[in-house]
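Peer 1: Given these sequences and hints, build the entire structure.
Protein chains in written order, with the working numbering: chain D, 476 to 922; chain S, 87 to 413; chain W, 363 to 649.
I should point out that these hints are in silico values taken from the structure, not numbers from a laboratory.
Please note that a few of the clues may not be correct.
What the hints assert, rightly or not - Cβ-Cβ distance ranges computed for the label pairs, FRET-style:
| no. | chain 1 | residue 1 | chain 2 | residue 2 | range |
| --- | --- | --- | --- | --- | --- |
| 1 | W | 570 | D | 726 | 44 to 52 Å |
| 2 | W | 524 | S | 297 | 41 to 49 Å |
| 3 | S | 402 | D | 870 | 19 to 27 Å |
| 4 | W | 409 | D | 633 | 56 to 64 Å |
| 5 | W | 595 | D | 841 | 51 to 59 Å |
| 6 | W | 609 | D | 871 | 35 to 43 Å |
| 7 | W | 570 | S | 299 | 49 to 57 Å |
| 8 | W | 401 | S | 182 | 55 to 63 Å |
Beta carbons: idealized from backbone N, C-alpha and C, even for Gly.
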Amino acid sequence: MNMKKTFTIGGVHPDENKLTATKPICELGLPKQAVYPLSQHIGAPSVPCVAKGDLVNVGTKIADAGGFMSAVIHSGVSGKVAKVDTVVDASGYRKPAIYIDVVDDVWEPTIDRSEDLVKDCNLTPEEIIAKIKDAGIVGLGGACFPTHVKLMPPKDCKIDSLVINAVECEPYLTADHRLMLEHPDEIVVGVQILLKALGINKAFIGIEENKPDAIELLQSKVASVQGVEVVKLKTKYPQGGEKQLIEAVTGRQVPPPPALPASVGVVVQNVGTVYAVYQAVQKNKPLFERIVTVTGKSVQNPANLLVRMGTPISQVIEYAGGMPEDTAKLISGGPMMGRPLLNADVPVVKGTSGVLMLPEADAIRKEEQHCIRCSKCVQACPMGLEPYLLATCGELSDWERAEQEWIMSCIECGCCQSSCPSHRPLLDWVRLTKNKVGGIIRSRNTK
Amino acid sequence: MAKLFISTSPHAHNGDSVEKNMYAVVIALIPAFIASIIAFGLGSLVVTATSVVSCMFFEWAITKYLLKEEKTTIFDGSAIVTGLLLAFNLPSNLPLYIIIIGALVAIGIGKMAFGGLGNNPFNPALVGRVFLLISFPAKMTSWPETHQMLAYADAVTTATPLSLMKEALSGNTAALNQLPELWQVFVGNTAGCIGEVSALALLLGFGYLLVRRVITWHIPVSIFGTVLVFTSIMWLVNPVMYANPLYHLCSGGLMLGAIFMATDYVTSPMTPKGMVVYGIGIGLLTVIIRYFGAYPEGMSFAILIMNAVNPLICNWCKPKRFGSVKK
Amino acid sequence: MSSMILTAVIVLGITGLILAVVLFFISKKFAVEEDPRVVQINEILPGANCGGCGYPGCAAFAENCVKKGSLKGMRCSAASGEVMQQIAEILGDVVEQTTPKVAVVRCNGSCENRPRINVYDGASRCAIAHMMSGGETGCAFGCLGCGDCVEACKFDAIRMNPETGLPEVDQDKCTACGMCVSACPRNIIELRNKNKLDRRIFVSCVNKDKGPVAKKACAVACIGCGKCVKACQFEAITLENNLAYIDFEKCRLCRKCVDECPQHSILAVNFPERKKPATEENVQTNQ
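Peer 2: Structure follows, in structure tokens:
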């Protein structure tokens, strides 16, 4: 085991800044009002199934899925629906949302609130998937892809392995790390449930070597479990990218889009999702709370918090000692792929893996200079693309060339921009170009 | 509280900058500069200082009075690097006015005419150097002997290893025997341009650039490899006419060119595959010019020719795309 | 000596003759038939290649004119009526009468009216700023101010006003080619009728948020109160998604809605002085 596994092309190693790695998970108090945006996931927005004045409990379903590629939403608080209005979410735009005024903390009686570990699961794969769907579980790594969709891969793809993403390659974030340390047994059971749902018997848990305690703990837990293996990976960003992780663990490269990970026989699930699956299947607990890392270099009390969804981020920040004076950027997620927030009134949603406050020195972009063709973006790109060229295609609106240069393969990991000595906004341009080319391809396919 | 900034991810930067890269090159050139002072003394100092100062002056003057830009770019380090590299490609007894003309051509025609750093198709220092070589062939090819510490324009000149090798090629069978010992060539005790004198010092700089990750190994190593293979074959065929391949590696501008000029960011390919192709091209052209051309040294021309081919290489040599090969 | 000259002359002469014959046949065989009218039309077109006609450049427009044989549905927005008349003559057709239009920027969220609450420091392109977030102000519909429209304009008819941070259209230079309209990611710019004396009335806002939200973000935002709809006698104003819209085909330029609007978000430009001076610049800076 001396050869450290990792992906082969590109990658960078940003400063880790895992300030909260040793901080146990604490529970955050209830908010006064909780807000639930209706599009918290990839796919169609959910449809509200409550109206103004309705009373809800913790775990009551408040919105139905808006289609197959969608997810239900449950209330994380008990109280009265105040209104169905709009809220500015992490996208920076006003989106429809359900407002709930919090009264007491009454849970749905079906939820098993005990701490006991339930190991046995006698459900059929279909029943498991149905339970996951009803619990509104989406990928908790940040992309928020509905989990039940991932568990039903296209018929022509033969799945043989499940890869658990416990890499947490984003700097600053430690939510998954803490989860592994505090709930390893639940995670192992969750993995077994997922294996059953997929009808396979091989699972890998990929962990980067900067979390030796988690590796050791999980290795001891899976020692007695057939077919589950912990894989130690070299610390390198973006190893948490689905395609990079699959290559690092299994050595298989997913072909360019529209191919899915399923085309190489792999399903990837985030470790947080696995825990949510355990709770949904064994404890009847829908997805209404998650672990959020609140952090930043000048934050007084960085922490890992168990937060009910719908809680405004301002309350999370308050717990951490308030927003530091020098904060120039408030980010939902990590510094490499997180979304900038317009203000702290945005609610915590399923995809909020962290709240990061960056000081001016780190956050404000430096002045852009000419490209000096140093090729550092090419070296950094984990998809083997030429970011400088794609960005130029964008500036010149040359969508055709961009498509020929594989732009749709871009995973928007930000390696290129973070290593550009000329401080060029490469990813801004690449994203725009990818967006345009994606539109062109879609309209071509529908013709 | 101050206003929050909004711009898309990534929000982190690794702190790299154009200046850092340029000054790293300057630092990497210091060993070679020290070696040149040991070899040529005052002359080396005068030529280098003139070249750097005039390059910076011309860049400042052009940005300010011709392009009318408010911000000056002379402190990003690229003019200093150009100045240093130009000086390192000149003999240490060159009159000042020629150096100043060279700097004007390098900065004015080689770089600023195309829009400044990042837009120039050819290596500016080499444009300046080749311009001087063609305009002042006599002055540019008289090389002072080493260890004349205080001499400048009055230095005694001598033959370089390369010119001896050229003589051997044209039939003087005794020429190769007059070559200095290989070790002397390696550490820098032979006549030649300022910067190319000591292969050892240049390799030190190469090591520094690799450690700082300013450049990758691809271009220099593929040049060295190509030259080594090509010259070895010729040497094995006829050792009287063709010199030992190690002499080829250590003499003339090969090391300086391969490590510092061919790896110039702006004018070299962006992908590893492209870099290797580019390096092989330079290696081949250099040796071909050394063997069959009119000039004893072909490095400058080889790099300039490959500079011209660079856009094509960039179009042909794409990086290995993720998922393009099934394992 | 003379024989050498003679040989050279003969050899060259024969070579030339053979090549001439070859060239003659090639040019006959591979001749590209081009209608002389295409060349004629192409010559009188403005040659801006703006794409406002919907074809990729002036040459393509000329070609398609000739192919169709008429000017039906074809219009070069950059050319004057005179030029269109000439093209029609070449084609043996008559010019379709179209109402002249001009680009109108429907956002009045100047720095004063719409304070900035965030700072955008990404790539300076509206399309990018629009994609990633609502923008620097509380209004997620209004002008982003990066100047994509200025860049798109081939006629130098749009300029950024550094004081207001908004683009301004030079109505004399604007040819209504529509490039700015498609460049604006937020559909703020619209082509509206030029009307007599260049007088225009329009709602200078595209904010679809509810009244209080819109009002908080911008002092001159349309709050969807509907007063203008009631005031209009010609049913030219519609209210949809908390936003009023004036149909320029129906509007009779009576200016009743302008007086009625509590938010001053309806602008009337190029009207003679009534209570206050109302040229375009004044309207934008005075409010």
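Peer 1: Take the hints in turn and mark each one as holding or not.
Peer 2: Against the structure, the hints come out as follows:
1. W:570 / D:726: 44 to 52 Å: Given a distance of about 51 Å, which is inside 44 to 52 Å, the answer is holds.
2. W:524 / S:297: 41 to 49 Å: About 47 Å separates the Cβ atoms of residue 524 of chain W and residue 297 of chain S, which means 41 to 49 Å holds.
3. S:402 / D:870: 19 to 27 Å: holds (23 Å)
4. W:409 / D:633: 56 to 64 Å: holds (60 Å)
5. W:595 / D:841: 51 to 59 Å: holds (58 Å)
6. W:609 / D:871: 35 to 43 Å: Distance hint for residue 609 of chain W, residue 871 of chain D holds at roughly 38 Å.
7. W:570 / S:299: 49 to 57 Å: Between residue 570 of chain W and residue 299 of chain S, where Cβ atoms are some 50 Å apart, the hint holds.
8. W:401 / S:182: 55 to 63 Å: Check passed, 60 Å falls within 55 to 63 Å.
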